[in-house]
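Engineer: With chain A fixed as given, assemble chain B onto it according to the hints.
Read top to bottom, the protein sequences are chains A and B.
Just so we're aligned, residue 664 is where the first sequence starts under my numbering, counting upward by one.
Just so we're aligned, residue 664 is where the second sequence starts under my numbering, counting upward by one.
Where hints are given, some of them may not hold.
Identical copies go unnamed one by one, so any copy, or any two together, can satisfy a pair.
As the list claims (entries may be wrong) - Under the rule of at most 30 Å between Cα atoms (straight-line distance), these lysine-lysine pairs were calculated in the DSS-like manner:
id: 1; residue 1: K730; residue 2: K1179
id: 2; residue 1: K1207; residue 2: K1082
id: 3; residue 1: K1224; residue 2: K893
id: 4; residue 1: K721; residue 2: K842
id: 5; residue 1: K1207; residue 2: K893
id: 6; residue 1: K1179; residue 2: K687
id: 7; residue 1: K1021; residue 2: K1036
id: 8; residue 1: K1224; residue 2: K1207
id: 9; residue 1: K730; residue 2: K1172
id: 10; residue 1: K842; residue 2: K893
id: 11; residue 1: K893; residue 2: K1135
id: 12; residue 1: K1207; residue 2: K1036
id: 13; residue 1: K1172; residue 2: K721
id: 14; residue 1: K1224; residue 2: K785
id: 15; residue 1: K842; residue 2: K1145
id: 16; residue 1: K1179; residue 2: K1021
id: 17; residue 1: K1179; residue 2: K721
id: 18; residue 1: K1082; residue 2: K696
id: 19; residue 1: K1135; residue 2: K1207
id: 20; residue 1: K1224; residue 2: K696
id: 21; residue 1: K766; residue 2: K1021
id: 22; residue 1: K785; residue 2: K1172
id: 23; residue 1: K842; residue 2: K1036
Hints are computed from structural coordinates only; laboratory data are not their basis.
Protein chains: 2
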Amino acid sequence: MRRFRIGLAQVNCTVGDLEGNTAKILRYIERAKAMEVELICFPEMAITGYPPEDLLLKPEFIADNLKNLDVIVGHSAGIAVVVGFVDSRDGLYNAAAVAYDRKLCGIYHKTYLPNYGVFDEKRYFRPGTEAPIFVISGVSIGVNICEDIWYPTGPASRQASAGAEVILNISASPYHAGKRDLREQMLGHRASEDAVILAYTNLVGGQDELVFDGGSMVLDGRGEAIARAKQFEEGLLVVDLEIEERHQGPRRGKRRRDSERERGQGPRIIVSREAHTEPKVAIPPRSVEIYDPVGEIYAALVLGTRDYIHKNGFSRVVMGLSGGVDSSLVAAIAVDALGPENVIGVSMPSRYSSEGSKTDAQLLSENLGIEMKVIPIEEAMQGYLNMLAGPFAGTQTGIAEENLQARVRGNILMALSNKFGWLVLTTGNKSEIACGYCTLYGDMAGGFAVIKDVPKTLVYELAGYKNSRAGKEIIPRSVIEKEPSAELRPGQRDVDSLPPYEALDPILKAYVEEDKSLGQIIALGFDRELVERVIALVDRSEHKRRQSPPGVKITPRAFGKDRRFPITNRYRVGVRG
Amino acid sequence: MRRFRIGLAQVNCTVGDLEGNTAKILRYIERAKAMEVELICFPEMAITGYPPEDLLLKPEFIADNLKNLDVIVGHSAGIAVVVGFVDSRDGLYNAAAVAYDRKLCGIYHKTYLPNYGVFDEKRYFRPGTEAPIFVISGVSIGVNICEDIWYPTGPASRQASAGAEVILNISASPYHAGKRDLREQMLGHRASEDAVILAYTNLVGGQDELVFDGGSMVLDGRGEAIARAKQFEEGLLVVDLEIEERHQGPRRGKRRRDSERERGQGPRIIVSREAHTEPKVAIPPRSVEIYDPVGEIYAALVLGTRDYIHKNGFSRVVMGLSGGVDSSLVAAIAVDALGPENVIGVSMPSRYSSEGSKTDAQLLSENLGIEMKVIPIEEAMQGYLNMLAGPFAGTQTGIAEENLQARVRGNILMALSNKFGWLVLTTGNKSEIACGYCTLYGDMAGGFAVIKDVPKTLVYELAGYKNSRAGKEIIPRSVIEKEPSAELRPGQRDVDSLPPYEALDPILKAYVEEDKSLGQIIALGFDRELVERVIALVDRSEHKRRQSPPGVKITPRAFGKDRRFPITNRYRVGVRG
Chain A
664 MRRFRIGLAQ VNCTVGDLEG NTAKILRYIE RAKAMEVELI CFPEMAITGY PPEDLLLKPE
724 FIADNLKNLD VIVGHSAGIA VVVGFVDSRD GLYNAAAVAY DRKLCGIYHK TYLPNYGVFD
784 EKRYFRPGTE APIFVISGVS IGVNICEDIW YPTGPASRQA SAGAEVILNI SASPYHAGKR
844 DLREQMLGHR ASEDAVILAY TNLVGGQDEL VFDGGSMVLD GRGEAIARAK QFEEGLLVVD
904 LEIEERHQGP RRGKRRRDSE RERGQGPRII VSREAHTEPK VAIPPRSVEI YDPVGEIYAA
964 LVLGTRDYIH KNGFSRVVMG LSGGVDSSLV AAIAVDALGP ENVIGVSMPS RYSSEGSKTD
1024 AQLLSENLGI EMKVIPIEEA MQGYLNMLAG PFAGTQTGIA EENLQARVRG NILMALSNKF
1084 GWLVLTTGNK SEIACGYCTL YGDMAGGFAV IKDVPKTLVY ELAGYKNSRA GKEIIPRSVI
1144 EKEPSAELRP GQRDVDSLPP YEALDPILKA YVEEDKSLGQ IIALGFDREL VERVIALVDR
1204 SEHKRRQSPP GVKITPRAFG KDRRFPITNR YRVGVRG
Chain B
664 MRRFRIGLAQ VNCTVGDLEG NTAKILRYIE RAKAMEVELI CFPEMAITGY PPEDLLLKPE
724 FIADNLKNLD VIVGHSAGIA VVVGFVDSRD GLYNAAAVAY DRKLCGIYHK TYLPNYGVFD
784 EKRYFRPGTE APIFVISGVS IGVNICEDIW YPTGPASRQA SAGAEVILNI SASPYHAGKR
844 DLREQMLGHR ASEDAVILAY TNLVGGQDEL VFDGGSMVLD GRGEAIARAK QFEEGLLVVD
904 LEIEERHQGP RRGKRRRDSE RERGQGPRII VSREAHTEPK VAIPPRSVEI YDPVGEIYAA
964 LVLGTRDYIH KNGFSRVVMG LSGGVDSSLV AAIAVDALGP ENVIGVSMPS RYSSEGSKTD
1024 AQLLSENLGI EMKVIPIEEA MQGYLNMLAG PFAGTQTGIA EENLQARVRG NILMALSNKF
1084 GWLVLTTGNK SEIACGYCTL YGDMAGGFAV IKDVPKTLVY ELAGYKNSRA GKEIIPRSVI
1144 EKEPSAELRP GQRDVDSLPP YEALDPILKA YVEEDKSLGQ IIALGFDREL VERVIALVDR
1204 SEHKRRQSPP GVKITPRAFG KDRRFPITNR YRVGVRG
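With the rest of the complex left out, here is chain A (with noise of 0.2 Å):
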């Protein structure tokens, strides 16, 4: 057995920021080297951030991402360095480089392109046709990109048939609750059916609505994790891996033939055939704690929400307390991401506004030490009311005026912004959002939805969660407590225009995320009314979430290019049952 010292890299890159993403990928490779290092990965297109989208479609954009690499590859003396970026052959493809001493000796082309979820791969990239091995420091390697190791009969096991002692697979994986220990799983298998070690490193951070969450991780080849990385953090994870001297006799999987082994399925590539001095000191297998199922969520809102403010070059966030539990939570999220002196709330009170939620959002202020401004909002209305006296003569008070409540709120929060250069959080959950039970303009306004993707009884989950992190009332039980309200008219509760909530999320969750048909929900033993009412409102609401800032993405499927829905749209589910 030898040391073979592999660094698992997981960077938190941005898109767009080559030359940023550079140097930070060539401070990592410093601090490997440091570390007696020999192979050092990096995430799937770390070098453009992922997903770059359509800037991929600018030849120029390309033409950087390979200089770039070029300054990589220059920086490579005496350690291996994988690293995603972007290759252009005859067309574009999502690529892993592989370099030593200075030289680019490869390069592997992702061979699965998801095209589904969040995912356009296929608008931009060709898939790649090779499972070549790469021979460093004498160990054989298969290197392989994200979607390919999904795959049971996909490129890692190619190349393990064909003789790899080590996959890697580099990632720009995105979040949503649950995946990580579902990438375990999938990884263990991978591992111990081609008895390979595998080394699977995953992109970190924010990028619109996406967060990548990191948690790399090496399993040997029982499928065991031998090391993991933090979740949500930005890391390199140094791990010593145990390699069998060559002709020590095959080492045999679950479905590995010495046969295989040497049939060459790909080409082989050599980088570098003697190892390194051996590290004299090896490194104890590392491994973190494992958030529990909300307090995974939790971090995944704080880091998405930091990343989406700071790389948009915002310090500053400002957003209306209402005293409800959703903005509770997302000043809560707010001050975890960028501190509470960068963090304002804004009270809003109307005619309507019981004192509770007054004073809730002023205990809540307390609790967090921000700063909080009280802006009533009745000089606005009057003067709508007034110029609207005309138009309006002779109808029925009602969501008109309701709205116009919430749009007041929206614009002095917009103002706020425009003057001071604070960015403006939403508070609107996902429950909400998928039934529209929200107001364009109004309470939509701003620029990042911080918990749109986290249905309502998530919300209190959540809340609950920060309080006993706390060790003490952040969120006040008051506001946990009360029932929910809009407060736009007088005794005003939700339960008047939508389901209860622990009805309304099981019903949304198999129609929005499972593609469920209303037999199927209606035999998961709700009412055929109830859920016909819940899918319509659902389906006459895409206008409004079209117009929808970004949020967080921490369920399988949310809101915005995860699904994509028509607008104009006379599909009715309920009508034939």
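Structural biologist: Quick look at chain B alone, frame taken from chain A:
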């Protein structure tokens, strides 16, 4: 020679309206039967409408589409029907059914799946691999779908080689300016290369940001158009094709050889061997006037607006009338789309509105015969300024106050919309939206952005077109001649913030539509500093466009799903030259 009568039904389908689309298809089948048509063609995915986007992920939707296909097949007594639908067998296919005498005789699966621009077909469909020939009334016919015909070596060529005398292409080809001419040119090449008659049936109608322009046509084996249907109108184009009798010897095309004719490259499916009794009276070749370039765009805007309004269940619209050329053009388009009785204009003067603006809005509404309300915004503005006096103390009046005016106007329009059920039309043009010269939740607030893909210089051309077609001044000369201004502060002019539109528009076209690099745009004859400034404006306003309502695509690349840019994007073209 014998007469073979075909019908090209360019129907206006609605996405998701399976029953409505099917009912319409049945009506056209009956009309065709009455005209002794032997074969009638409907567009790509006529049953579902195009594009149904993620409705395709719902198994219930696919099943319902198949039930409706059964209904159509049941109505094919005595007539062959080719109709687009979604086939499902181990995956989904964009498919054409060939039915005759109440039997489903065969199915073609689209080979080339577009996954660029506005298209996401690889998200849903598998590609077909076969290029069958259908023998209908004894005539050998190759059926294929949209994108398939754009490739010289695609299924049409294989079908022609295998003996097809007629190629039927059914399409859902979205409009952009000049695309009809492009299609006729391409189809001419394809017909003459393969020496076949080519019948092209295209969808018509608006769907969210797309307009399908119809313009179905038939070309003879020399590539000459022998019949053309109107653009932007539903209709049935009936054409008598002259088919050579069999065994009179093969015709020769540029690339077609006798040996290929019988090679049988795909399955040969017999639908009906016998010709119908030949219709006694021949239908003379029919062609329609082709639009001039500006008129074509105007017609696209009218249809796109009308269909968005009606298909979403609205009948009336409301919009701000500023006295500027943008809102004047939008009002004219709305009147042509919906009738003057369904368009309500609102003039919302502020202290900065010029007297001319108010009288021009008044004059325009009189010329168009629409109702105009006047609602000055001063009272709400003063309310906001009082409410914000504390937080704004000591700051300079600027963009925050300017945007507030636009937002008060947006709120007024939305309040009228909420109260009376009118859809709000926004009036921003492409030049403004490209540069972010527009206010989120202000002038951007509304349901449909009619001219969001129309550059300012084209706005003027369209205004001139409207007047010249009307033979009188509908859009007042004073509107067209005044200097563009947002009128949000005293003496404000667009040129204070933006380059002159004559320079701006070609730079935007090069950058946004053609992905030209900084160097390439400078080489067109523009100042470097100017080009860098424009590119920076575009790059930094993506967040605004993301919250924009949809509008009609009329250029080769519109903002929206045609151009998918990250908001978080640090790539700066100007920086690196």
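Engineer: Are the hints correct? Go through all of them and say.
Structural biologist: Now for the hints, and whether the structure bears them out:
no.: 1; hint: K730 - K1179; result: between (48 Å within a copy, 19 Å between copies)
no.: 2; hint: K1207 - K1082; result: both (27 Å within a copy, 17 Å between copies)
no.: 3; hint: K1224 - K893; result: within (27 Å within a copy, 35 Å between copies)
no.: 4; hint: K721 - K842; result: between (33 Å within a copy, 23 Å between copies)
no.: 5; hint: K1207 - K893; result: neither (37 Å within a copy, 35 Å between copies)
no.: 6; hint: K1179 - K687; result: between (44 Å within a copy, 29 Å between copies)
no.: 7; hint: K1021 - K1036; result: within (11 Å within a copy, 38 Å between copies)
no.: 8; hint: K1224 - K1207; result: both (14 Å within a copy, 16 Å between copies)
no.: 9; hint: K730 - K1172; result: between (45 Å within a copy, 27 Å between copies)
no.: 10; hint: K842 - K893; result: within (14 Å within a copy, 52 Å between copies)
no.: 11; hint: K893 - K1135; result: within (26 Å within a copy, 71 Å between copies)
no.: 12; hint: K1207 - K1036; result: both (29 Å within a copy, 26 Å between copies)
no.: 13; hint: K1172 - K721; result: between (38 Å within a copy, 14 Å between copies)
no.: 14; hint: K1224 - K785; result: both (15 Å within a copy, 15 Å between copies)
no.: 15; hint: K842 - K1145; result: neither (33 Å within a copy, 58 Å between copies)
no.: 16; hint: K1179 - K1021; result: neither (41 Å within a copy, 54 Å between copies)
no.: 17; hint: K1179 - K721; result: between (39 Å within a copy, 7 Å between copies)
no.: 18; hint: K1082 - K696; result: neither (48 Å within a copy, 67 Å between copies)
no.: 19; hint: K1135 - K1207; result: neither (37 Å within a copy, 40 Å between copies)
no.: 20; hint: K1224 - K696; result: neither (40 Å within a copy, 44 Å between copies)
no.: 21; hint: K766 - K1021; result: neither (64 Å within a copy, 70 Å between copies)
no.: 22; hint: K785 - K1172; result: both (28 Å within a copy, 25 Å between copies)
no.: 23; hint: K842 - K1036; result: neither (39 Å within a copy, 55 Å between copies)
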